[in-house]
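> Chain B: place on chain A using the hints.
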Amino acid sequence: MLKITAYADKISVVPGEAIEFKVNCEASEYKADLVRLRCGDENPAGPGFQEKVIKSGASKSYKGRKQVIHAGSFVAVPSAPALEGLGSFTLQAYVWPTTPAKGTQGLISYWRETPKKSGAALIITKRDGSLALCLGDDAGKIEVINTGKPLVAREWYFVAASYDAKTKEVKLYQEPLKHYARTNDRAFLKRKSTLKSIGKHDCPLIFGAYFEGMDKGRTVCKGHFNGKIDRPRIANRVLNRAEMMEVAKGPIPAHLMSDLVGAWDFSIGITTTRVTDTGPNRLDGEIVQMPARAMTGYNWDGSEMSWRHAPEQYGAIHFHDDDINDAAWETDFSFVVPKTLKSGLYAMRLKAGKDEEYVPFAVRPPRGKATAKAVYLMPTASYLAYANECMVTDAPLAQLLTGKLSTVNTQNMHLNERREYGASCYDTHSDGSGICYSSRLRPVLNMRPKYSSWLGGTGSGLWQFNADTHIVDWLDHTGIEYDVVSDEDLHLEGLSVIENHQVLITSTHPEYSSKEMLDALEAFKAKGGRIMYLGANGFYWRVAFHKSVPGTMEVRRGEGGIRAWEARTGEYYMSFTGEYGGLWRRNGRAPQTTAGTGFSAQGFDLSSYYRQKPDAKNPRAAFVMKGIGANELIGDFGLIGGGAAGLELDRADRLLGTPPNALVLASSENHTNIYLVVCEEILINYPGLGGQENELVRADIVFYELASGGAVFSTSSIAWAGSLSHNNYKNNVARMTENVLKRFVDPTPFS
Amino acid sequence: MAQVQEPEGRFKISAADRRVIEEFRKNPVGHHSPQLQQVLNRFRGAGMADKYCLVTLKPHKKWQLAQTTGERGKPLKLLDQTFDSLEEAEWHVFKLRWKLHTGETLK
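Protein sequence lines correspond, in order, to chains A and B. Going by numbering that gives the first Met the number 0, the first sequence opens with residue 0, and the numbers climb by one from there. Going by numbering that gives the first Met the number 0, the second sequence opens with residue 0, and the numbers climb by one from there.
Here chain A stands alone, though its shape is the one from the complex (with noise of 0.2 Å):
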């Protein structure tokens, strides 16, 4: 396994900002230094291996030091004298588990681990995936009391236990919402507690774990619990049916309203990090490790799919035990990027003895100029939504989609075993749901030089940021200056961080956008920018950022386009934002509307090349098409799969929104029947959707100009890049490329 991992606190910075590194390091010590990448391919067949070491006061060696990531979402609620005080209680919620045997799970726990088990905690128990209320007497005792009826995962459950102090007496309620024949789930029994009473501890209330103690300020829970939990309830009394009844829906009651320890209602601020305790004690709490909100609660009807519509319909939390948002790793050194450090891809590379690490960042130009006409987006959503993505070790379908054997290297193997370092979106959670959330507070494995994915089609093999680097290695062949700015900075700042720029060049496969990044390119647009789109699947999925945690993402995977899951009906709207998920597509957006071509076919093996359509004599395209013979094949050659197009390809269409004065220079032809049309384009499901046989299995090379003077190119295909060094970068492939670029930093407008 690994045995040095980090990550940083931004993946942006500005001159003269400060980025912190948090380091994991099994070896007594390691030898940071900051290197500028231009290529990360260790393909012998290509340019290989490029970094440039530059001296900087990050240059030292630094002792190692072990630090461990706390996976495994809840809520906490921080200790109040109505908890530390509780006699007699009862507990209550509704919950939906998804993995009910799969071991101690805590649902509502007022838990002390150590010294002495101690306190009261409903929990899913291992011996047999029932409902259970477990308490311990401060003396080392425990005991734990089961219905003996197992839940029926992803079903929905009132449950609730009491205890009554002066009598011992514990009830437990297990109550399926639906009724299933043969199904013996439900509930009611009374027993004697032989406890001489519960002990008392100051320990947070937990919701969805139990607590186990504190890490360096982080709350440790264990027993995390997979599925939902809506409208937990605390009484410091034994309530009997009917009040549980009274206090379980909606508004608590004022006749009950003292005997309530805590009414929780998780709808309110779905779009922050707070739970709020609507009961006497205001005893709010904090999300921890991002569980899922704005999910359906046990009371949802379909009536309405927008959370922000029926609030209350959407009281549950999906906790998960594999969930991960900030591993709050201590940071092991500052480092303050000079101001005179030229805008560009770097990284910070940290090495012991034979394993190393490296920490990917963009340096941005100061705040508000360009020292470039052009600039380099960095598709920092999209590396988020792939953060360390498992599909290679979880997916039966990954080698169908790469018609090859998958390669696994070790980075594949760590994410494997270690699975508290979190997949990406494109993984599912341990208990099958799917993985709505990303953060870059993590070490992403992925996202690194030298890093080969089994996506990558034959060749190289690479996908996302190590393929990018093809593009950042052509750009320093050129010469051509050129500045970096981030997917994040674009979302946070709009329009200004690109304002100044003249082109913006994308990423072989900036695929997902928030509307503040898609508002700033139209606006870049609109005021005469030009934009090379130099790879494909771009602008396809509506994300969101967390309002206030950083570098945290949502995607909810709705009802089109390649999905590797789907969300639930009634949860397609984001809790970041309230806004509708899914696909630009489903959202007036498709990418055509943006960069003049759109998501229309993928595979995964070999690449192909594109034939020049009669729109390439015109004499519009004719600075694009300069020195390349009118038959050439464009791209038949390339690391990428062996050619320019290839892995996902992009086409033009009027109707999703192409401008009626594009011009397709050249298609792609003769993909392999591993390439499949998208499943936007399936109305109707019919026979003959590969290579061989479907037109619209092609990337279309693209020109228009914009009415503000600005133009647009699009090569619509993720392995152009991998074309751009072949013969020594002498190839139509970055002729083309380079024709368009000198022209785009050239001011004078397009008519």
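No lab work stands behind these hints: they were computed from the structure. A virtual CB, placed ideally from N, CA and C, is assigned to each residue, including glycine. A hint or two may mislead.
Pulled a few chain A residues facing chain B out of the computed Cβ check, cut under 8 Å [claimed, not checked]: (1) K125; (2) D127; (3) N408; (4) M412; (5) H413; (6) N415; (7) R418; (8) T427; (9) E668.
Incomplete in silico selection of chain B near chain A, CB under 8 Å [said to hold, decoys possible]: (10) R18; (11) G29; (12) H30; (13) L35; (14) Q36; (15) N40; (16) G44; (17) G46; (18) M47; (19) L53; (20) T55; (21) H59; (22) T67; (23) G72; (24) A88; (25) W90.
Okay, now just chain B, sitting in the frame of chain A:
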């Protein structure tokens, strides 16, 4: 590993499919006949338990045969076989899978 039980009422790999073996050996990745593709879909679409994959030992130079476990958190099983080329690995695994599905040993 136990021989794979071919599904009832669905495409089964049989002796009639032997014609695709040579086609695969010559060209393991890329354009395939519909017959070969059907066989490969069965091979490559298997579940993750004991599924063959390759662990990269030296990028672009050396790979080791391995199997995923289908259980999250459980390490891959590393097998005692390495390859200097991906084509060689594809052919080796094809033979292993052919044996699993048909019982026949290919040379």
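> Closer than 8 Å between Cβ atoms is the bar; does A/T427 clear it against chain B? Give me holds or violated.
violated (10 Å)
> Given B/T55 as an interface hint, is the shortest Cβ-Cβ distance to chain A below 8 Å?
holds (5 Å)
> Any CB of chain A closer than 8 Å to the CB of B/T67?
holds (5 Å)
> Does the closest beta carbon of chain A sit nearer than 8 Å to the beta carbon of B/A88?
Holds, because the Cβ-Cβ distance from B/A88 to chain A comes to roughly 6 Å (cut-off 8 Å).
> With chain A as the partner, please determine if B/M47 meets the hint condition of a C-beta pair closer than 8 Å.
holds (6 Å)
> Closer than 8 Å between Cβ atoms is the bar; does A/R418 clear it against chain B? Give me holds or violated.
holds (5 Å)
> Return the status of the interface hint for B/L35: holds when the least beta-carbon distance to chain A is below 8 Å, violated otherwise.
violated (11 Å)
> Tell me if the interface restraint on B/Q36 is satisfied: Cβ within less than 8 Å of some Cβ in chain A.
holds (6 Å)
> Do the numbers back the hint for B/R18, that is, is its least Cβ distance to chain A under 8 Å?
violated (18 Å)
> Would the stated hint for B/H59 survive a check requiring a Cβ distance to chain A of less than 8 Å?
This interface hint holds because 6 Å falls under the 8 Å limit.
> Holds or violated: B/W90 as interface residue toward chain A, Cβ cutoff 8 Å?
violated (10 Å)
> Return the status of the interface hint for A/N408: holds when the least beta-carbon distance to chain B is below 8 Å, violated otherwise.
holds (5 Å)
Checked against the numbered hints above, the structure violates hints 1, 2, 5, 8, 9, 10, 13, 25; every other hint is satisfied.
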